[in-house]
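Student: Could you put together the complete structure from these sequences and hints?
Protein chains: 2
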Amino acid sequence: MSDDFEMIATDEARALGESLLLAAGYSEDHARTITDCVVRAQMDECHSHGLYRLISCLDLIERGKVDPAATPVVEDRAPAIVRVDARRGVSLAAFEAGLPVLTEKARQSGIAALAINNCFHFSALWPEVERIADEGLVAIAVTVSHAWVAPAGGSRPVFGTNPFSFGWPRPGKHPFVFDFATSAIARGDIELHRRMKLPLPEGTAIDADGEPTTDPDKAVEGAMLTFGGHKGSALSAMIELLAGPLIGDFTSAESIAFDDGAKVVPFHGELIIALDPASFLGQAASDNLKRGEALFEAVEGQGARLPAARRYRARARSEKAGAMPVRRNVLDELRVRAATLEIKTR
Amino acid sequence: MSDDFEMIATDEARALGESLLLAAGYSEDHARTITDCVVRAQMDECHSHGLYRLISCLDLIERGKVDPAATPVVEDRAPAIVRVDARRGVSLAAFEAGLPVLTEKARQSGIAALAINNCFHFSALWPEVERIADEGLVAIAVTVSHAWVAPAGGSRPVFGTNPFSFGWPRPGKHPFVFDFATSAIARGDIELHRRMKLPLPEGTAIDADGEPTTDPDKAVEGAMLTFGGHKGSALSAMIELLAGPLIGDFTSAESIAFDDGAKVVPFHGELIIALDPASFLGQAASDNLKRGEALFEAVEGQGARLPAARRYRARARSEKAGAMPVRRNVLDELRVRAATLEIKTR
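Going down the list, the sequences are from chains U and Z.
The first sequence begins at 1 in this note's numbering and counts up by one.
The second sequence begins at 1 in this note's numbering and counts up by one.
No wet-lab data here; the hints were simulated from the structure.
Hints should not be assumed to be uniformly reliable.
For chains that are exact copies, the list does not tell them apart, and a pair is met inside one copy or across any two.
Cross-link-like lysine-lysine pairs, in silico, DSBU-like; alpha carbons within 35 Å at most [stated by the list, open to error]: (1) K263 <-> K290; (2) K263 <-> K218; (3) K290 <-> K218; (4) K290 <-> K65; (5) K197 <-> K218; (6) K320 <-> K197.
Tutor: If you want it as structure tokens, here you go:
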């Protein structure tokens, strides 16, 4: 471990997260679900979605957009559709409220969808599809973000970084899970290159005139590109439609307009689909899951990696140690915030 | 129109297709659904899935794998799941049999899935998602193919060209539809480059040692690559799982093993998901579809193209003319086949 990192015990990380969020004004449900999500990401050494995100959750309150005590409202819309209105809270409490309804509907109907509306969203999607796959169900999850990404052949931002996530149950093993942005580069990476004055990778951005650029400042004035050319662009458009108009929520363009310079995390909706293998196949489902295992063996047997393998290895290390590595500057910042909040809340 | 093409009247194309397929031994349902699919593709000037495909449907019978008179069996598996066993027939008759059940289930439950099993599959997926979108529903369709494509970081074929297709209803307009292979290049394009002794585009294939190659012969000995690196590879794995083990059907590796050198079209399953906007939103659905229109305007307003725009323009030309352009060598071949079959069936 490099000097840039410090080990923090899992219990201490949870206590720090919850006390910070509670002191800042989040409700117990929000504090618990946000902390659980960022601690799990940190245990997986997914630093971009780990404890670092607590800082933006604290900033979110200060910028006055979020309702930190919002209670999500669950609405049973149809035999296989549940909507949860997050009421301007963070998405995670809404997901917790909707999850049992989604899994029950998926088992009863064979397939079901959970739409989360009016939520602030900062987290990766893999924790959600992993939770659903842990229930023996197959899961797909999509959200929009802020309009930063140009469509293929275009020059101006329309799409968000629009992640696509998938989970598949593997009996006795961690699920097969992937979660990727449909943008060619993460938004955070653009900012990082900008601060470090480093050129962007080729093919990730265009300038305000629509010309390819590797200059991160010009990329911010212009637009990011999707991965995979017109195919990635088509997927990104699909995600706008599924997580936006289909469920009555913002597109990425509407999310950034709502933000209106506040620079908080995107405010929008999320669509999650769950499928029940047993409904398709009955008792044959478990035999057919072995076909999936044969596929994974064919991938790993030639030295290729399954998407979440690195995270799962990190998780095993963290579980064994009862502690996880966190960037020292993130912990320092969180401790400063804790000190400030203790003063405020005394 | 170049000399390589000949115009054929829509009625004549339909009559030619149906009579050829009937004479070859296909049932009326198969002859009608196959002809309808290839004529529609040809009207859209989608030559790779147009009348040309009649030839492979005729070859399919000669190679003894398909049951050209198979009657699909519809099974109501769960409130939101319908399966259709194609019984070794071509997928299209099975889709026709399952479509009304799928759309009814989607309207009742809000989301529903159609699994087609044990089908030979040669067609694009856009005709299917377009049909569903024409019913006012949102559609996703996926199938595997033959194992020709290596996973990211691998060197041996595991995945098929595994198409992903999406349809979105646009009131008063053709639906927003895309349909792309998750391989970096179409299988047919590899064959074309091989015959013409032309190098492949960079980044589309590897040789038997896993090294990048632009030599189509070496690509056939090695593997094709997915589009978009590890992200396209993840999507391709997802499609294997959804259209294979989830619905109790072949993966691409199992499909090519079943083929066993017969070189017919892949034999496998297909998963189609339909979502009903009205179930999510009730009367607000139509207002929310306008958010989708704003997205399309933002794409087209900057000179970028929507995925199916070229096909829709070709369709308008074909509908106006009552005729469509077909490659002369395809029509010649079909006429030779017709002459041969007339002799056989006399």
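Student: Taking 35 Å as the upper bound on the Cα-Cα distance, should K263 and K290 be classified as within, between, both, or neither?
Tutor: between (46 Å within a copy, 27 Å between copies)
Student: Between the shortest in-copy and the shortest cross-copy C-alpha distance, which are at most 35 Å for K320 and K197: within, between, both, or neither?
Tutor: Intra 38 Å, inter 57 Å, cutoff 35 Å: neither.
Student: At most 35 Å between C-alpha atoms: does K290 with K65 qualify within a copy, between copies, both, or neither?
Tutor: Between copies only: 26 Å across chains, 47 Å inside a chain, cut-off 35 Å.
Student: Which holds for K290 with K218 at a C-alpha limit of 35 Å: within a copy, between copies, both or neither?
Tutor: Result: close only across copies, 32 Å inter versus 49 Å intra.
Student: How would you classify K197 and K218 at a CA-CA limit of 35 Å: within, between, both, or neither?
Tutor: within (12 Å within a copy, 42 Å between copies)
Student: At 35 Å max between alpha carbons, let me know whether K263 reaches K218 within a copy, between copies, both or neither.
Tutor: Within one copy, since 19 Å is at most 35 Å while 51 Å is not.
Consistency with the previously given hints fails for number 6 only.
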